[in-house]
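Engineer: One letter stands for each residue in the lines below.
There are 2 protein chains.
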Amino acid sequence: MTAQIIDGKKLAESIKEEIKNAIAERERQMLPIPGLATVLVGNNPASKTYVANKIKTSDALGIRSFSYELDENVSLEELESLIKELNDNPDVQGVLVQLPLPEHLSEDKVMHNISPKKDVDGLHPYNAGLLSRKYSEPLFYPCTPSGIIRMIQSVCPDISGMNAAVIGRSSIVGMPTAMMLSRCNATPTICHSYTKHLDEICRQSDIIVAAAGTPKLIQGDWVKPGAIVIDVGINHIPDSTKPRGYRIVGDVDFDEAVKRAGAISPVPGGVGPMTIAMLMSNTLKAIEYRES
Amino acid sequence: MTAQIIDGKKLAESIKEEIKNAIAERERQMLPIPGLATVLVGNNPASKTYVANKIKTSDALGIRSFSYELDENVSLEELESLIKELNDNPDVQGVLVQLPLPEHLSEDKVMHNISPKKDVDGLHPYNAGLLSRKYSEPLFYPCTPSGIIRMIQSVCPDISGMNAAVIGRSSIVGMPTAMMLSRCNATPTICHSYTKHLDEICRQSDIIVAAAGTPKLIQGDWVKPGAIVIDVGINHIPDSTKPRGYRIVGDVDFDEAVKRAGAISPVPGGVGPMTIAMLMSNTLKAIEYRES
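Going down the list, the protein sequences come from chains A and B. Sequential numbering of the first sequence, starting at 2, is according to our numbering. Sequential numbering of the second sequence, starting at 2, is according to our numbering.
Do not take every clue at face value.
One copy or two, either will do: identical chains are not told apart, so a pair holds if it fits within one copy or between any two.
[What the hints assert, rightly or not] Below 30 Å or equal to it, Euclidean Cα-Cα: the simulated BS3-like pairs (lysine-lysine) are: (1) 135 to 217; (2) 85 to 118; (3) 49 to 135; (4) 197 to 135; (5) 197 to 110; (6) 243 to 286; (7) 21 to 11; (8) 57 to 286; (9) 110 to 286; (10) 243 to 217; (11) 260 to 10; (12) 243 to 10; (13) 110 to 85; (14) 197 to 260; (15) 225 to 57; (16) 225 to 49; (17) 286 to 260; (18) 135 to 286; (19) 17 to 85; (20) 197 to 225; (21) 243 to 11.
The hints are simulated quantities; they were obtained by calculation from the structure and are not laboratory data. The model shown is predicted, which means the values in this text are computed figures rather than measured ones.
In isolation and in its complexed conformation, chain A is listed as follows (with noise of 0.2 Å):
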């Protein structure tokens, strides 16, 4: 038996398309349409593909798009008064500075200063701090792990009381994602690099969240039979049969995975595009704090 596959492709599709069509609806009715800003610093070539998608992907739904590219050595005052300009324009509903940032410049005072009402990626700490309280709800929720739940939630509409092992406990995928499972009243146990016997917590988890970042690092074996399996790793591995030199793998080990997992996301094509989906629907989102 192998697992069903979750295709965050098509699911990306489908979130899409329904926000194509509430935005054609808005301009109908002579709304306003939700603008996203987009930052991009430097010439991080594989930031500046998820720039290009994202910005690629606002036309598309018809959401207006303002693009700006900044020079690697810009200083943080530069940086911060385009930050508190696009605050403060009316026609941008969503700010997003592509991240990492070069060396010089702190991220965490850089998003400080994105108004949190503005904050689409939901990686503001007022609103990482409103999703770690129980009895609160974040303006935004972050893109990866929403587009994450979303897809468990896709082939298991209710997780409550399932084991969920995350691995990876970053601010912008592990730990976040980890709150939200318990918002869910699944048990989230949160792994990293000084996990010890990760292999038993996986064993034990009717859940895998693999956020890693290390190719094949969740072994086929480790796959409780009938688990779902969510791989958010890219990497890429050297691969001189392909054009580029290199394929991109997740941090399961897909093949051995699927034959134990209940379902399971593949990469590419599974965690990616639900991530750029969000952040429409985010976007989407933020149009109602500006008409509240």
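Following the hints, put chain B in place on chain A, whose structure we already have.
Structural biologist: Positioned in the frame of chain A, the structure of chain B alone reads:
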């Protein structure tokens, strides 16, 4: 063999002694001394006791206390206006609104009003968000979780790689304790009322933090031999042999758990005194933000 007792009262005394000396030294140097404002709404007897203890401890350490008692029916606007006044008062470094609040007052809305720089309880969403981000530091760590970590580290300074069951996911204790355990490189599992096989999770844990509010929830044979057990529960059990007609017990079956644990905190005399000591520590720390 019985466990080492983690004497929270004694540990708290030594922390308070340090704070007292630091404040006396500030006085000698003619530096401003920290001030703590407590705001009590209504007539909850437990809240009255807690606030009275905080004021008494402040006085004993040389911290100036500013005490406000508001009527049960105070409006949100009146309470917010008092908080604003305290935020602006340069003699007040810490603002503490005793929880729980009467039902007509949203705790979330009230807590948002406290300046993060005076949030000595460490419960403002901004500080909670910074706590959840691996590479950032909150201005204040929340008091009870800080006390718990200090107690654990008093018997085991390096907990990296240890499995930790946190039972309870409140925004005051469980959730921030899990995040602080992760910061210490332990592997926390966030358990709650929907968690299945809580006994199994406990048996695999090197550290148990019980903050569920259920007497004797954690049975003796759930404790892994040698584990560190911190009991955060404060439960009132009818007891006709006591003058007040009740006695206070924790969430752990102490008499049985003490036979298996390596170290265990009692109730009372465990986490309770540590929470107040950490509040005083935060209040002293707050004066640094005033000066910076």
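Engineer: Each hint should be assessed against the structure and marked as holding or not.
Structural biologist: Now for the hints, and whether the structure bears them out:
| no. | hint | in the structure |
| --- | --- | --- |
| 1 | 135 to 217 | between (34 Å within a copy, 24 Å between copies) |
| 2 | 85 to 118 | both (13 Å within a copy, 22 Å between copies) |
| 3 | 49 to 135 | between (36 Å within a copy, 26 Å between copies) |
| 4 | 197 to 135 | both (28 Å within a copy, 19 Å between copies) |
| 5 | 197 to 110 | neither (34 Å within a copy, 40 Å between copies) |
| 6 | 243 to 286 | neither (40 Å within a copy, 57 Å between copies) |
| 7 | 21 to 11 | within (15 Å within a copy, 62 Å between copies) |
| 8 | 57 to 286 | within (19 Å within a copy, 48 Å between copies) |
| 9 | 110 to 286 | both (25 Å within a copy, 21 Å between copies) |
| 10 | 243 to 217 | within (19 Å within a copy, 60 Å between copies) |
| 11 | 260 to 10 | within (22 Å within a copy, 54 Å between copies) |
| 12 | 243 to 10 | within (22 Å within a copy, 65 Å between copies) |
| 13 | 110 to 85 | both (13 Å within a copy, 25 Å between copies) |
| 14 | 197 to 260 | both (25 Å within a copy, 26 Å between copies) |
| 15 | 225 to 57 | neither (39 Å within a copy, 54 Å between copies) |
| 16 | 225 to 49 | neither (38 Å within a copy, 50 Å between copies) |
| 17 | 286 to 260 | neither (39 Å within a copy, 55 Å between copies) |
| 18 | 135 to 286 | both (21 Å within a copy, 28 Å between copies) |
| 19 | 17 to 85 | within (29 Å within a copy, 43 Å between copies) |
| 20 | 197 to 225 | both (18 Å within a copy, 16 Å between copies) |
| 21 | 243 to 11 | within (25 Å within a copy, 65 Å between copies) |
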